[in-house]
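Engineer: Residues per chain, in single letters:
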Amino acid sequence: MATTTTATEAMSEKKSNRDLVQAKLAKRHRSETTFRAVGLGAILIGIALVFVLFGSILYKGVPAFWQATLHLEINFDPEVIDIDPRPVQQPGQSAAEHLDNVNAWIRGLRRARFDRLVQSAIAAEIPAAGDPSETRNVYGLVNANARYELAALVEADPSIIGTTVPVALVANENVDTWLKGNIDRDLPQRMQQLSPEQQEWADALYDRGVIEMNFASSIFTNVDSRSSGATAGLLGAMVGSVMMMLIVMTVAVPVGVMAAIYLEEFAPKNRLTDLIEVNINNLAAVPSIVFGLLGAAVFINFLGLPLSAPLVGGLVLSLMTLPTVIIASRAALRAVPPSIRQAALGIGASPTQAMFHHTLPLAVPGMLTGAIIGVAQALGETAPLLLIGMNAFVASVPSTPLDQASALPVQIYLWQGNENRNFFESRTAAAILVLLGVMITLNALAILMRHRFERRW
Amino acid sequence: MAAVDTAVEAPKTKNPHAHNRFATIRRPDPVARETKIEAKDVSVIYGTKEAVHGVSIDIPAQAVTAFIGPSGCGKSTFLRCFNRMNDTIPGCRVLGQLNMDGEDLNDHALDVVLLRARVGMVFQKPNPFPKSIYENIVYGPRIHGLASKKADLDEIVERSLARAGLWNEVKDRLHEPGTGLSGGQQQRLCIARAIAVSPEVILMDEPCSALDPIATGTVEELIHELKQNYTIIIVTHSMSQAQRVSDRTAYFHLGDLVEEGPTKTIFEDPQEPRTKDYISGVFG
Amino acid sequence: MNTFITLAIVLIALSFVYTWGAAASRRVASQTGEKLHSRPPYYGLYLVLWCAIPAAIIFIVYSLITPTIETVIIQSYFPQEVLNDAAELANQTRQVESIAGGFGMFGEPAPYQVQAAAALKNVEWIGKMALVALIAVAAVAGTLVARTRISPEFRARNRIETAIEMLLITCSAIAVLTTVGIVLSVLGEAVRFFTFVNPIDFFLGTSWNPRFSTTGHGGQGDFGLLPLLWGTLMITIIAMIVAVPIGLMAAVYLSEYAGPKFRFVAKPMLEVLAGIPTIVYGIFAAFTVGPFLSTMGDAVGLDINATSAFTAGIVMGIMIIPFVSSLSDDIISQVPQSLRDGSYGLGATRSETIRRVILPAALPGIVGAFLLAVSRAIGETMIVVLAAGNSPVLTANPFEAVSTVTVTIVNQLTGDTDFASPQSLVAFALGLTLFVITLCLNVVAIYIVRKYREQYE
Numbered sequence: 001m002a003t004t005t006t007a008t009e010a011m012s013e014k015k016s017n018r019d020l021v022q023a024k025l026a027k028r029h030r031s032e033t034t035f036r037a038v039g040l041g042a043i044l045i046g047i048a049l050v051f052v053l054f055g056s057i058l059y060k061g062v063p064a065f066w067q068a069t070l071h072l073e074i075n076f077d078p079e080v081i082d083i084d085p086r087p088v089q090q091p092g093q094s095a096a097e098h099l100d101n102v103n104a105w106i107r108g109l110r111r112a113r114f115d116r117l118v119q120s121a122i123a124a125e126i127p128a129a130g131d132p133s134e135t136r137n138v139y140g141l142v143n144a145n146a147r148y149e150l151a152a153l154v155e156a157d158p159s160i161i162g163t164t165v166p167v168a169l170v171a172n173e174n175v176d177t178w179l180k181g182n183i184d185r186d187l188p189q190r191m192q193q194l195s196p197e198q199q200e201w202a203d204a205l206y207d208r209g210v211i212e213m214n215f216a217s218s219i220f221t222n223v224d225s226r227s228s229g230a231t232a233g234l235l236g237a238m239v240g241s242v243m244m245m246l247i248v249m250t251v252a253v254p255v256g257v258m259a260a261i262y263l264e265e266f267a268p269k270n271r272l273t274d275l276i277e278v279n280i281n282n283l284a285a286v287p288s289i290v291f292g293l294l295g296a297a298v299f300i301n302f303l304g305l306p307l308s309a310p311l312v313g314g315l316v317l318s319l320m321t322l323p324t325v326i327i328a329s330r331a332a333l334r335a336v337p338p339s340i341r342q343a344a345l346g347i348g349a350s351p352t353q354a355m356f357h358h359t360l361p362l363a364v365p366g367m368l369t370g371a372i373i374g375v376a377q378a379l380g381e382t383a384p385l386l387l388i389g390m391n392a393f394v395a396s397v398p399s400t401p402l403d404q405a406s407a408l409p410v411q412i413y414l415w416q417g418n419e420n421r422n423f424f425e426s427r428t429a430a431a432i433l434v435l436l437g438v439m440i441t442l443n444a445l446a447i448l449m450r451h452r453f454e455r456r457w
Numbered sequence: 001m002a003a004v005d006t007a008v009e010a011p012k013t014k015n016p017h018a019h020n021r022f023a024t025i026r027r028p029d030p031v032a033r034e035t036k037i038e039a040k041d042v043s044v045i046y047g048t049k050e051a052v053h054g055v056s057i058d059i060p061a062q063a064v065t066a067f068i069g070p071s072g073c074g075k076s077t078f079l080r081c082f083n084r085m086n087d088t089i090p091g092c093r094v095l096g097q098l099n100m101d102g103e104d105l106n107d108h109a110l111d112v113v114l115l116r117a118r119v120g121m122v123f124q125k126p127n128p129f130p131k132s133i134y135e136n137i138v139y140g141p142r143i144h145g146l147a148s149k150k151a152d153l154d155e156i157v158e159r160s161l162a163r164a165g166l167w168n169e170v171k172d173r174l175h176e177p178g179t180g181l182s183g184g185q186q187q188r189l190c191i192a193r194a195i196a197v198s199p200e201v202i203l204m205d206e207p208c209s210a211l212d213p214i215a216t217g218t219v220e221e222l223i224h225e226l227k228q229n230y231t232i233i234i235v236t237h238s239m240s241q242a243q244r245v246s247d248r249t250a251y252f253h254l255g256d257l258v259e260e261g262p263t264k265t266i267f268e269d270p271q272e273p274r275t276k277d278y279i280s281g282v283f284g
Numbered sequence: 001m002n003t004f005i006t007l008a009i010v011l012i013a014l015s016f017v018y019t020w021g022a023a024a025s026r027r028v029a030s031q032t033g034e035k036l037h038s039r040p041p042y043y044g045l046y047l048v049l050w051c052a053i054p055a056a057i058i059f060i061v062y063s064l065i066t067p068t069i070e071t072v073i074i075q076s077y078f079p080q081e082v083l084n085d086a087a088e089l090a091n092q093t094r095q096v097e098s099i100a101g102g103f104g105m106f107g108e109p110a111p112y113q114v115q116a117a118a119a120l121k122n123v124e125w126i127g128k129m130a131l132v133a134l135i136a137v138a139a140v141a142g143t144l145v146a147r148t149r150i151s152p153e154f155r156a157r158n159r160i161e162t163a164i165e166m167l168l169i170t171c172s173a174i175a176v177l178t179t180v181g182i183v184l185s186v187l188g189e190a191v192r193f194f195t196f197v198n199p200i201d202f203f204l205g206t207s208w209n210p211r212f213s214t215t216g217h218g219g220q221g222d223f224g225l226l227p228l229l230w231g232t233l234m235i236t237i238i239a240m241i242v243a244v245p246i247g248l249m250a251a252v253y254l255s256e257y258a259g260p261k262f263r264f265v266a267k268p269m270l271e272v273l274a275g276i277p278t279i280v281y282g283i284f285a286a287f288t289v290g291p292f293l294s295t296m297g298d299a300v301g302l303d304i305n306a307t308s309a310f311t312a313g314i315v316m317g318i319m320i321i322p323f324v325s326s327l328s329d330d331i332i333s334q335v336p337q338s339l340r341d342g343s344y345g346l347g348a349t350r351s352e353t354i355r356r357v358i359l360p361a362a363l364p365g366i367v368g369a370f371l372l373a374v375s376r377a378i379g380e381t382m383i384v385v386l387a388a389g390n391s392p393v394l395t396a397n398p399f400e401a402v403s404t405v406t407v408t409i410v411n412q413l414t415g416d417t418d419f420a421s422p423q424s425l426v427a428f429a430l431g432l433t434l435f436v437i438t439l440c441l442n443v444v445a446i447y448i449v450r451k452y453r454e455q456y457e
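In order, the protein sequences belong to chains A, B and C.
Position one of the first sequence corresponds to residue 1 (the numbering used here), numbered consecutively onward.
Position one of the second sequence corresponds to residue 1 (the numbering used here), numbered consecutively onward.
Position one of the third sequence corresponds to residue 1 (the numbering used here), numbered consecutively onward.
None of these hints come from the bench; they were simulated from the model.
Please note that a few of the clues may not be correct.
Reference listing, derived: stretches of chain C covered by chain A, where coverage requires no fewer than 3 residues with Cβ under 8 Å from a Cβ of chain A [what the hints assert, rightly or not]:
| id | stretch |
| --- | --- |
| 1 | 45-51 |
| 2 | 111-117 |
| 3 | 186-198 |
| 4 | 246-257 |
| 5 | 375-381 |
| 6 | 406-412 |
We treat Cβ as the ideally placed atom computed from N, Cα and C, and that holds for glycine.
With the hints as constraints, model all of the structure from the sequences given.
Structural biologist: Written as structure tokens, this is what we have:
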């Protein structure tokens, strides 16, 4: 019978097939294991890279938050600080004239030999440092701005002249490098940053506890400084960044949300809105540096806005963040089930009412998450800011968005290029930690929002 | 074979806690059939929910067995035990024994790759790979290393497509994408793809539910021809289809096997009231 | 303080107008006995719009023109010799403003300065009074006009909704205007550059040596694009060699092998890499990876520059890993489960299913994702600025320093720049090249990905 033969044939074929499959099984399972291991390996490499990246930055940056500081008993000797009382505004004198007098007085005060005060305070510990010919050498142990700090103490309270006051002065950056071992102590003297005496004194003062490693609050309270690396801080850059973030929040977020509302709920589906859609997707992938070129050409060259201004930076970053905010907001609107909108329309609400009273409130958490991510992205952006002059050295805290300012990432860029690499490598890493800290906080906030306002329908 | 026999009689079950909650009514078969697969107390558990309760059934060789029942009755889940497709679902556990030619299919030492080469499957929705018709057919033989020479592969393609009744329709466009065929052709392509590895058993999970009546007719004819060479198990929600294509029918209800026996007997003289109600269309 | 008081007054006035409008509409309704078309708040809002918009326009116009008018008035008092000296003119103008502001100036003001200050004070006062009066009139008139329109059949809600829609459209237009702005500004400046340098010399030149900016004597340096483009290409290739295998395999593992718990932990960890600002990667490359590779090179006898295409490429690859993996993950997850079932049902192992079914099915989408990654690598700036070495030479050796398009944009447009020399303007020609390349990649990629999504929807 025909059917039986085919059946037997099929049976024998199946037997041999089974053997064929069996023969290859071990090899196939081995390749399966390999493939799986490669996949797991890829993820582990990725995660390992995260750890290496953070590890190297933490390793370099964390020590920078503790900085060599001299704790000295400074005697404000009236013979050294020989200065008139602070001028008072006379009747009939204009404000401008008075200001000029005060400035002249401060200039005079700053010319006083504060370095001698520092020298005698150190000589109290190490008599050899008291020699008048060593003033320069001894003063080199403290940061170059120490004289201004001392002058500021006198300016704030002239009555301290003649008294002895304990003062904490941040050590010179090279002392810090020396004590932390960030420079090879065996290098020949011509390659060292400290003179042999300074090396000896620094070690001695450290042993006696006059120099301590204290928290480097100057990172947060000072502006950048060229003359005194040890006290260079991020305050100006942080204020600049905050201003730009505020501009991004007030420009990109509302505009982005409203554009998303229009495109998602009101725009007719035609060629034009299609074009806008494609355009927004493209804009999200345009390199950030191109936005910098836009800023340079339009805001600086055409509109004549000042260079290095947070206003310009904020606007450039807003334009750059806009597509991100629009895309996130549209996704949030789309995630609201259409049934809610239909229900509102069904009881007679106009499309606008349905949008603003029903859909939008439900989409707000998603939009906020998108907005925070956009702001965080803008916070870390560097390249466009370089093109609008924000890489200029700025040693003041901007008080308006039109003042010169720096930004955190740009400050990092500037510090990494500092000639005193031994000191600024860790200072740069510390600045990165500050930036990452802010970004992680922002992202954590976004994640928290997402979990907190998890879908309620 | 006893008309009524309870699952309790299977003492060496691996399944400690689940039995068919009702005694399955078993109807005698007028024709003596060789048993291909013997299921003993098979339960399927998704997480904490038991979807199939200790089902025992014998699947005859070179015949079509139909699993029918209302949706959610566990018939598809049970079917997927025969080639261990439930393994791909996280949190799904299968208990009990499934003996095919003396081997326990549910034994975790058993190689699923080999098992699936022996037990092929056709799914509810036609799912040809986004490759050419030719590549769809040779996929199985290639991965299993059944043939590597072009001539052998060509032969497999022709034979499988011919058996699936598709050869004449597609022989001139073997290198066009399989996704470009019509629904019925796609499903027959999937059947041909399953045949290409020469399985012993073919599982069909509602193979016609996505097809129009004409395509359904073609596939049913195909099933009828295939049973001469293969053991076929088909899940269907269409009672008329079960009547048309199957030799034996098993009626499932809420995870229990209620009644099984020759198709003719089940449809003409159901004994269980639930079977009767379902067949006469009271619910379903 | 003044600003706050003004703001408070404005807000109080507007809320009064609102209440009045809402009340008026109710009164009209009860008098005529007809049902209002819209609810009373809409009539209130309608009045507010009519009150605020004309007044706001007047205020904006005033703010725009006053500075010019004031300068003209001040300078009309100045003698000719001052007017001829631009620096002195600006200085004296500031002094007059200072005197008029009551702060005074240092030294004795010239008589004409005193006169000018008096006149300025006068004009400022008149201007402010006029502004207040005009705004008040406009606000009241606008409100009254709007009030006369209130009637039961007046469709206030539709008016408000139209106003809202106009606002929304404006916001969407900003996104389009940004693109237009980029194209116009970059193109415009690039065209100016091409008046100095022949486009053929630019696009096909093999030597890059722009020399220093010497205004008016443009065109002396060599402005050949090819060395920069080659550097960009080399770094991009290295980056993709790093990112594609790791990113793709990580995506495959995450979507096909990983359990939900592993995925929940590993996916965000990989995405951390995506959130790190590029300046941080740049520093990582310059401080850590570069020296490390250089040392490794020495150990195996390879001469690897610390700043080289290799360093920049590897770090850029690390940056792109999460980009590739999350895009690929999305794409792979969209491959329908039925294809996986089909393959498993035939006895394929997981890796066979992935390699022979899932990846081929996902290929178009993955290619799109890669193109987006390439576009990102090409446009990346800070990593290459810090780690590529800035040496614009045609070299096939990846271990040597190179330069890229983005690096050169930064170099040419920072520092002392003017918008008249080819040395600065070339940045825009480079920006244009960059924009066009990335735009093409993005358009193609977005198109492919979109088509891919539609295929499985």
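Engineer: Now look at each hint and say whether the structure bears it out.
Structural biologist: Comparing the hints with the structure gives:
{"no.": "1", "hint": "45-51", "in the structure": "violated (count 0)"}
{"no.": "2", "hint": "111-117", "in the structure": "violated (count 0)"}
{"no.": "3", "hint": "186-198", "in the structure": "holds (count 3)"}
{"no.": "4", "hint": "246-257", "in the structure": "holds (count 10)"}
{"no.": "5", "hint": "375-381", "in the structure": "holds (count 6)"}
{"no.": "6", "hint": "406-412", "in the structure": "holds (count 3)"}
Consistency with the previously given hints fails for numbers 1, 2, ordered from lowest to highest.
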